[in-house]
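J.: Chain by chain, the residues run as shown.
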Amino acid sequence: MIAGNLRYETALRILLVFLALLAAVTTARAADIRAMTSPEGIRFWLVEDYTVPIVTLSFEFEGGANQDPSGKAGLSAVLAAMMDEGADGMSAAELKAELEARGIEMGFSAGRDALSGGMRVLAGEVEGALALLGGILTGPAFEEQALERIRAGFIQRAVRGRTSPGAILADTMRERIFPGHPYGLSSQGDERTLARITRSDVVEQHARLLARGNVTIGIVGAITPQDAARLVDTAFAGLPETVPLATVEDVEPVFGFRKHVVFDTPQTTVSIALPGLKRADPDFFAAYLMNHILGGGGFSSRLYDEIREKRGLVYSVGSDLTTLGHSAYLSAGFSTKSDQAGQALDLLLAEIRRMAEEGPSAEELEAARKFVLGAYAINNLDTSAKIADGLVRLQAEDLPIDYVDQRRQYINAVTLEDVKEVAARLLSVEPAIVTIGPEPVMQDTAAN
Amino acid sequence: MIPALIRCREVPIQNVRLRLATIFLSILCLLSASAFAAAKTQAGKPDVSRFQLENGMEVVVIPDRRAPVVTHMVWYKSGSSNDPPGKSGLAHFLEHLMFKGTKTVPAGEFSSKVAEIGGQENAFTTVDFTVYYQKVSPEALAMVMGYEADRMVNLVLTEAVIEPEKNVVLEERRSRVDSSPGGILGETVAAILYKHHPYGTPIIGWAHEIESLTLEDAMGFYKTHYRPDNAVLVVAGDVEAQQVLELANGTYGKLAPGNGAVPVNPIVEPEPVAARSAEYFDERVTTPSFERFYLVPSYQTAQAGEAEALDLLASILSGSSTARLYRKLIVEDEVATSAGAWFQGASRGQTRFGLYGRPRGKYSVEDVEQAIAGVVDDIIEHGVTQEELDRQRNSLLKSVIFERDSQTTLARLYGTVLSLGGKVEDIHEWPERISAVTVEDINQVARKYLRPHRSVTSYLRPKS
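Chains as they are written, first to last, in our numbering: chain H, 1017 to 1464; chain L, 79 to 542.
Worth double-checking, as some hints may not be accurate.
Below, simulated PhoX-like cross-link-like pairs (lysine-lysine); rule was C-alpha separation at most 25 Å, straight line [claimed, not checked]:
| # | chain 1 | residue 1 | chain 2 | residue 2 |
| --- | --- | --- | --- | --- |
| 1 | H | Lys1294 | H | Lys1436 |
| 2 | L | Lys181 | H | Lys1353 |
| 3 | L | Lys191 | H | Lys1326 |
| 4 | L | Lys332 | L | Lys191 |
| 5 | L | Lys476 | L | Lys501 |
| 6 | L | Lys440 | L | Lys541 |
| 7 | L | Lys244 | L | Lys165 |
| 8 | L | Lys178 | L | Lys191 |
| 9 | H | Lys1386 | L | Lys178 |
| 10 | L | Lys191 | H | Lys1386 |
| 11 | L | Lys244 | L | Lys178 |
| 12 | L | Lys165 | L | Lys273 |
| 13 | L | Lys244 | L | Lys181 |
| 14 | L | Lys440 | L | Lys406 |
| 15 | H | Lys1353 | L | Lys541 |
| 16 | L | Lys181 | H | Lys1326 |
| 17 | H | Lys1386 | H | Lys1294 |
| 18 | H | Lys1353 | H | Lys1275 |
| 19 | L | Lys406 | L | Lys526 |
| 20 | L | Lys244 | H | Lys1326 |
| 21 | H | Lys1326 | L | Lys501 |
| 22 | H | Lys1326 | H | Lys1353 |
| 23 | L | Lys301 | L | Lys244 |
| 24 | L | Lys301 | L | Lys178 |
| 25 | H | Lys1353 | L | Lys301 |
| 26 | H | Lys1386 | H | Lys1436 |
| 27 | L | Lys273 | L | Lys526 |
| 28 | L | Lys178 | H | Lys1353 |
If you're looking for bench data, these hints aren't it; they were derived computationally from the structure.
Using the sequences and the hints, build the whole thing.
T.: Shown next as structure tokens:
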């Protein structure tokens, strides 16, 4: 599977992908990115590279689960799962046999803000592969039998989630920090919403999301610019020009509440949420560096040191900045034996308070800056799929092809005062805290 | 369906696919059967070099010059199956303790140096080997090799680090096993399938034995198993072989070989004689599931061609959406929401071939069991067809080229095979051996190994 499942939820990580890509382009031998336009006027970015005889394609259509109609949460995810279930006059079985015979790897997934797809194919099969993709995008069969099969699997997963502490915690947090907003709904749906989805819903959602004017495309590998341009048309030119997407409002998450879910498990799991910043915010990179120091740094963050390394209270602890198309937040959490969950949560909140009040030290900031600048290529440049995903993210965020230089400058320009200011601003807010386990960790409170 | 054999010290949070809460739940670092089957197909013959240092350490270099990134891994050919009796979890516990500093390097310095350049690092333990790795820029390769060579022989442990780290491992066990009904049942199934071999004991260890592990236990395992003549160095990425060899000679090459022969685990699993089963009821289970595990030979223990035939048999059963189990159970009969088969070929000793399924709608787990048995019996009785063999073989061979797109995949492939006692040629000749497998070869391994007396069947059921 090439396409990521929850793209916008990992937007920050993916941000690093394209920056990494650009870093390599400017510093190493990686091929240039070309900004191209097909004969039919479809724009895409290409990295030509013949080291391995394969071609990797990544694309996304704006609008994913945030376009699910009222009461039909999960529709975009079902649509994604239905995409390769027959097309262009071929039954599902025939299409899958054809993809397999040609060695074409293809996948679709729906995130909160986009319907994504990816394909990887041997260079010699690229013509046939893009023709098949064209058929899939413009003429999917959406067989009833396939819908029932996919629905059964989705419902089973949703039901399983109701006894999974991690899933319950995620659902509870999402519903409470985004009440009344599409982000508050599950992108995978639940038993009730999935049961309502009909074949005509799937057909309508397909028409609602897939258009030439709505797509972002990245291609990496053994293909000439001329062939790439021609084949982009083969795959995408048959789509309608534009589609009317429903407007999604920007939303500030709700914080300042505490909620415990009683569930009999050997560990209590704790998740907290605080304000984040969108990438376009001038203080974004200050916040990014601050998060890295607090809990984003793998084996070397403050949360890791205090809660795992010094005291052995948890196996895993960390924090993350999440950037969605229409919102942002910072989250942190861990799992631990229930009788020490309160102690670990106190430590977590104390570290957040300490960061809010004092900010990082100059040494911590410099270490974080070095990490962030060095990590791009290492994390994100080693496979074609990651590079192709990076090309898509870069275009989807309307960033210039030489953005890496600006980005490096932004990171270098962040001062200790900037980080202290942003830490005080984001971390002084009363967090949303959701816990799950056999005993309450603290008393429930409602948001103000 | 995952035969979990690998456990990580930690998964860097930023690499985990994020949901608000799930990021904090531990993520298994797995070498699944199918991943290995796919990885094993790598044989497009990248320009691989192999050396041996004078002290016996093996070195493999896999250049990939597309990006300024290098993956550096050290594989010790000892894992949880080398844990002494009564000390289950020791190999994995030591893996955690390897981050606590050495005679000259304070705890945390190595990790800080890797973080300073934006590198990644981690470690994992399997039944057969223990691995430490870093992913860094090429300029930092000499640095990580220096630190890794130092901690091969100079580890220093104090009582102060033992208890907190033991608690970390116990939390890891609660996350991976106690919080997972499938994990709980899986431990029992392994213990039943292996009536003698330590593969039947959990990698992470039984909780009461983890609690009893001591500093002396850890240092004892370290001194016995951590030595250059029991290790494989794998470097993949933006490097030249000659440069790696020079660096290796200047770091690992300076270490003395261990005293005497490298200790090996002499235990061989006896042939099975009786069909067995296990059933587990748990309130957290909503849909029941069925699994069946057969004791079968691995690439290391099989007669020539048998492991390749088992890989293809697993592919014919569930390698794609045209494979038998998917087509029959999921599409045609609609009795299951999932069904499949896997073969874990990478193992030093006798290994597992697995079948699994989960019922759909009105069907029961017994219906799924019967349907899967029907598919297997059909192969045993009538054999596979040339057409499906050709189709699955082509898929495996094409994936060889795809594997060349990832230096991490290549490094893991070569490291796995060499750590198990294989050779670089085993990887490079794999496509030819896969190409030589016949319909009759597959029918024979199906008839020989997919027999009830070789199996343990497990049922995971809701507790109402």
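J.: For every hint, state whether the structure bears it out.
T.: Going down the list of hints, with the structure as the test:
Between the alpha carbons of H/Lys1294 and H/Lys1436 the distance comes to roughly 18 Å, so the proposed pair stays at or under 25 Å and holds. With a CA separation close to 34 Å, the supplied pair L/Lys181 and H/Lys1353 exceeds the 25 Å bound. With a C-alpha separation of about 20 Å, the suggested pair L/Lys191 and H/Lys1326 falls inside the 25 Å cut-off, and the hint holds. For the hint linking L/Lys332 to L/Lys191, the alpha-carbon distance of about 22 Å falls within 25 Å, and the restraint holds.
Between the alpha carbons of L/Lys476 and L/Lys501 the distance comes to roughly 22 Å, so the proposed pair stays at or under 25 Å and holds. For a cut-off of 25 Å, the pair hint linking L/Lys440 to L/Lys541 stands: about 18 Å separates their Cα positions. Proximity of L/Lys244 to L/Lys165 is assessed by CA-CA distance (about 13 Å); at most 25 Å being required, the pair is judged to hold. Annotation: proposed proximity of L/Lys178 to L/Lys191 holds, straight-line Cα distance about 14 Å (limit 25 Å).
A C-alpha spacing of about 23 Å is found between H/Lys1386 and L/Lys178, which places the hinted pair at or below 25 Å, so the restraint holds. Of the supplied pair hints, the one linking L/Lys191 and H/Lys1386 holds, its CA atoms being roughly 11 Å apart against a limit of 25 Å. The suggested pairing of L/Lys244 with L/Lys178 holds, with an alpha-carbon distance near 13 Å, which does not exceed 25 Å. Straight-line distance between C-alpha atoms of L/Lys165 and L/Lys273 comes to about 18 Å, which keeps the hinted pair within the 25 Å bound.
As the CA atoms of L/Lys244 and L/Lys181 are separated by approximately 22 Å, the hinted pair is consistent with the 25 Å bound. With a CA separation close to 17 Å, the supplied pair L/Lys440 and L/Lys406 stays within the 25 Å bound. With a C-alpha separation of about 23 Å, the suggested pair H/Lys1353 and L/Lys541 falls inside the 25 Å cut-off, and the hint holds. Proposed proximity of L/Lys181 and H/Lys1326 is supported: the alpha carbons are some 20 Å apart, at most 25 Å.
A distance of roughly 22 Å separates the Cα atoms of H/Lys1386 and H/Lys1294; the hinted pair therefore holds under the 25 Å criterion. Distance restraint check for H/Lys1353 and H/Lys1275: the Cα-Cα separation of roughly 18 Å lies within the 25 Å cut-off, and the hinted pair is therefore satisfied. A distance of roughly 23 Å separates the Cα atoms of L/Lys406 and L/Lys526; the hinted pair therefore holds under the 25 Å criterion. Distance check on the hinted pair: L/Lys244 and H/Lys1326 sit about 12 Å apart at the alpha-carbon level, within 25 Å; holds.
Among the hinted pairs, H/Lys1326 with L/Lys501 is inconsistent with the structure: their alpha-carbon atoms are about 42 Å apart, more than 25 Å. For the proposed pair H/Lys1326 and H/Lys1353, the alpha carbon gap of about 17 Å is at most 25 Å, so the pair holds. Between L/Lys301 and L/Lys244 the CA atoms are separated by roughly 20 Å; this keeps the pair inside 25 Å, and the hint holds. Using a Cα cut-off of 25 Å, the hinted pair L/Lys301 and L/Lys178 holds, with the two alpha carbons roughly 16 Å apart.
Taking the CA atoms of H/Lys1353 and L/Lys301, the gap is near 33 Å; set against the 25 Å cutoff, the hint is violated. Straight-line distance between C-alpha atoms of H/Lys1386 and H/Lys1436 comes to about 18 Å, which keeps the hinted pair within the 25 Å bound. At most 25 Å may separate the alpha-carbon atoms for a hinted pair to count; L/Lys273 and L/Lys526 meet this at roughly 20 Å. For the given pair, L/Lys178 sits about 24 Å from H/Lys1353 by alpha-carbon distance, which is consistent with the 25 Å threshold.
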